[in-house]
Amino acid sequence: MRSPLAPLRIFYLEDNPLIVFHIESMIEDLGHIFAGSASSFAELKMKFDTFQIDGALVDIDLADGRTGPLAAAWLQERGVASIFVTGQTEVAAEHAAVALGTIAKPVPVEVLGEKLELLRKHVKSFG
Amino acid sequence: MLVVTHEALNPSVLSIIAEHLVDQPDWSEMPIIVLLDGAAPHAKIRAELSKTWPRSRQIFFQRPVASLELLSGLQSALLARLRQRDVRDHIEREIELRRELNHRVKNILASVTAIFGMTRRSATSIDGLADDFSGRLMALSVVHSAIFEAGGETVDLADVIGRTCSPYRGNGENLIIAEGPPIQLGRDAGTTLALCFHELATNALKYGALSRPEGRVHLTWSLTSTSDPTLTISWIESGGPPVAKPSKAGYGTRYIRSALQGLLGVPPEIIFHPEGLHCIAAGPFSRLR
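Protein chains in written order, with my numbering: chain X, 82 to 208; chain L, 247 to 535.
Hints are computed from structural coordinates only; laboratory data are not their basis.
Be careful, since some hints might not be right.
[Unchecked claim] Cross-link-like lysine-lysine pairs, in silico, BS3-like; alpha carbons within 30 angstroms at most:
id : chain 1 : residue 1 : chain 2 : residue 2
1  : X       : K126      : X       : K202
2  : X       : K126      : X       : K196
3  : L       : K452      : L       : K494
4  : L       : K352      : X       : K126
5  : L       : K352      : X       : K128
6  : L       : K494      : X       : K196
7  : L       : K290      : X       : K196
[To be verified] Label pairs and their in silico Cβ distance ranges:
id : chain 1 : residue 1 : chain 2 : residue 2 : range
8  : L       : E425      : X       : E191      : 19 to 27 angstroms
9  : L       : G408      : X       : K128      : 47 to 55 angstroms
10 : X       : P85       : L       : E521      : 43 to 51 angstroms
11 : X       : K202      : L       : R334      : 50 to 58 angstroms
12 : L       : G408      : X       : P85       : 46 to 54 angstroms
13 : L       : E460      : X       : K128      : 39 to 47 angstroms
14 : L       : T470      : X       : P85       : 46 to 54 angstroms
15 : X       : P85       : L       : R366      : 21 to 29 angstroms
16 : L       : E515      : X       : K128      : 19 to 27 angstroms
17 : L       : S391      : X       : K128      : 29 to 37 angstroms
18 : L       : E340      : X       : L86       : 48 to 56 angstroms
19 : L       : E342      : X       : K202      : 37 to 45 angstroms
20 : L       : P271      : X       : K128      : 39 to 47 angstroms
21 : X       : K128      : L       : L324      : 53 to 61 angstroms
[Unchecked claim] Listed below are several chain X residues computed to face chain L (Cβ distance under 7 angstroms; list not exhaustive):
id : residue
22 : S118
23 : K186
24 : P187
Glycine included, every Cβ here is placed at the ideal spot set by N, Cα and C.
Use the sequences and the hints to build the structure in full.
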């Protein structure tokens, strides 16, 4: 199950702490590094410079509203690729341009592992 | 509302109004006051209008009409229209509530899924899994009731602690001694803290201070009086068996670290002090409202 390649530093934008807790463990089980989390787009903007991020998982509805797509676009401008993790896959589909893909909640660990590998191609340090 | 004379009702006007009426939202029944000339065929006009103009509230006056009579007709039509707008507002509110309810139900199911996934991850037996899982669901349910009874948006920290820790009493005495000023927490912060207290209390009962009759927990909280106050919550155990740092962090420790870091923006201090576990969390209170 663990990724045979170098670990990725994954950030998670999600406002339900229990889901963060669950996904954090899955990320570590997959051999990657949990780089941190934020519960709103505003908090992401505030904290962004303090994190080293290879890629991000982004929920659609956050503590400051339906700001997930905005956050993904904002991260894209800064060279960080996102994957939506959401129960609202139809909303994610409307914003497909700002993310590499979508994972429907609840998240099976195999699907998470597969999708995280998509991020690898977009990590700046890997070219 | 529309006021119209029967002479104005040519086929084109009739059909434009009919179209408008058909396109009305569900709650709407537009009042239309028709002023008929005394010589006009009243019955025929009434029959035709009720057929061509569905979902309208038609009121007929024979000309010449006394101004007082027309005024009272207009007023009652306006009142009816206002009541329809009230209905519209109720419908909109209900749609909004249903959307919010759906969002919350989904969120709770996602929480339960996460609790189950994480409980399973650290379980060593089916009985252990069942006990831990039902204990966590019960904690979630207890804090939900506290929030609901408090009006649904905020909840008092002491109330959350009282309810979450009420099973931990020995001979009617509180083994968890809670002390602090009244503090209103937001719904989500209240839920997260309740689940943290549940983990701390069950851990204390199994391995810590609450596993001995003389053991106690001092649970205290305080707010600084600065412009952006800091909330500090301390869970201090004493009187239990000697504490050793576990070789591997279990669900409780991991959850408390992750949840309090997310809630306060700062990780809590969890100290496996030989005389009793200490867990101290501090962060800006503004994040918990």
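Results of checking the hints against the structure:
1. X:K126 <-> X:K202: 24 angstroms, holds
2. X:K126 <-> X:K196: 24 angstroms, holds
3. L:K452 <-> L:K494: 16 angstroms, holds
4. L:K352 <-> X:K126: 27 angstroms, holds
5. L:K352 <-> X:K128: 28 angstroms, holds
6. L:K494 <-> X:K196: Given pair K494 (chain L), K196 (chain X) holds - Cα atoms ~29 angstroms apart, limit 30 angstroms.
7. L:K290 <-> X:K196: 71 angstroms, violated
8. L:E425 <-> X:E191: 19 to 27 angstroms: Because 48 angstroms falls outside the window, the suggested range is violated.
9. L:G408 <-> X:K128: 47 to 55 angstroms: Violated: the Cβ-Cβ distance is about 34 angstroms, outside 47 to 55 angstroms.
10. X:P85 <-> L:E521: 43 to 51 angstroms: Check passed, 46 angstroms falls within 43 to 51 angstroms.
11. X:K202 <-> L:R334: 50 to 58 angstroms: Distance hint for K202 (chain X), R334 (chain L) holds at roughly 51 angstroms.
12. L:G408 <-> X:P85: 46 to 54 angstroms: Holds, since G408 (chain L) and P85 (chain X) (Cβ atoms, about 51 angstroms apart) stay within the stated range.
13. L:E460 <-> X:K128: 39 to 47 angstroms: 44 angstroms, holds
14. L:T470 <-> X:P85: 46 to 54 angstroms: Between T470 (chain L) and P85 (chain X), where Cβ atoms are some 49 angstroms apart, the hint holds.
15. X:P85 <-> L:R366: 21 to 29 angstroms: Distance hint for P85 (chain X), R366 (chain L) holds at roughly 26 angstroms.
16. L:E515 <-> X:K128: 19 to 27 angstroms: This hint holds: roughly 20 angstroms between Cβ atoms.
17. L:S391 <-> X:K128: 29 to 37 angstroms: Distance hint for S391 (chain L), K128 (chain X) holds at roughly 34 angstroms.
18. L:E340 <-> X:L86: 48 to 56 angstroms: Hint holds: Cβ distance 51 angstroms, inside 48 to 56 angstroms.
19. L:E342 <-> X:K202: 37 to 45 angstroms: 42 angstroms, holds
20. L:P271 <-> X:K128: 39 to 47 angstroms: About 45 angstroms separates the Cβ atoms of P271 (chain L) and K128 (chain X), which means 39 to 47 angstroms holds.
21. X:K128 <-> L:L324: 53 to 61 angstroms: 55 angstroms, holds
22. S118: Status holds, d = 6 angstroms.
23. K186: OK, holds: K186 (chain X) within 7 angstroms of chain L, min 6 angstroms.
24. P187: Since chain L brings a Cβ to about 5 angstroms from P187 (chain X), closer than 7 angstroms, the hint holds.
In summary, the numbered hints that this structure violates are 7, 8 and 9.
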